[in-house]
Amino acid sequence: MIGELLHSFFFAMPAVLVVVYGMSCQSRLAWAILVWGGLIFTVLMGLAVIGMLLCDGRSLTGYSSCLGGAPVDGLFGALAPVLSAATYAYILAGPPLVGLALLFDWLHRRRAAA
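For this note's numbering, count along the sequence shown from 1 and bump the result up by 1.
Hints were generated in silico from the structure; no laboratory data involved.
Label pairs and their calculated CB-CB ranges:
(1) 44 / 71: 19 to 27 Å
(2) 114 / 79: 45 to 53 Å
(3) 55 / 15: 19 to 27 Å
(4) 57 / 98: 28 to 36 Å
(5) 110 / 72: 43 to 51 Å
(6) 113 / 55: 46 to 54 Å
Just so it is clear, the structure is predicted and the values come from calculations on it, not from any experiment. Where a beta carbon is used, it is the ideal one built from N, C-alpha and C, also for glycine.
Using the sequences provided together with the hints, build the complete structure.
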């Protein structure tokens, strides 16, 4: 159980850190990418982590036999495609978006300093 909790923490924590860092951005575009994107990913990854803790299976393979019975099974069964797509986007599109936002913020700060 402790391994699953640690895995969950390291899975969702980057999205939280992006939101916290995004609050200090001077570029509006970088702020929007980091804060809004980070909030959306935080909510989606939070749901994926809850699914990983309550159900058998993973966010990429689907969930089955959840604690809480049929209603929870139905909820995470319905959310499985969305959470799977969000997990792929989090892993594949998240880092380039963070890099792009950091580049926008750096360019904005450089232009403001000149």
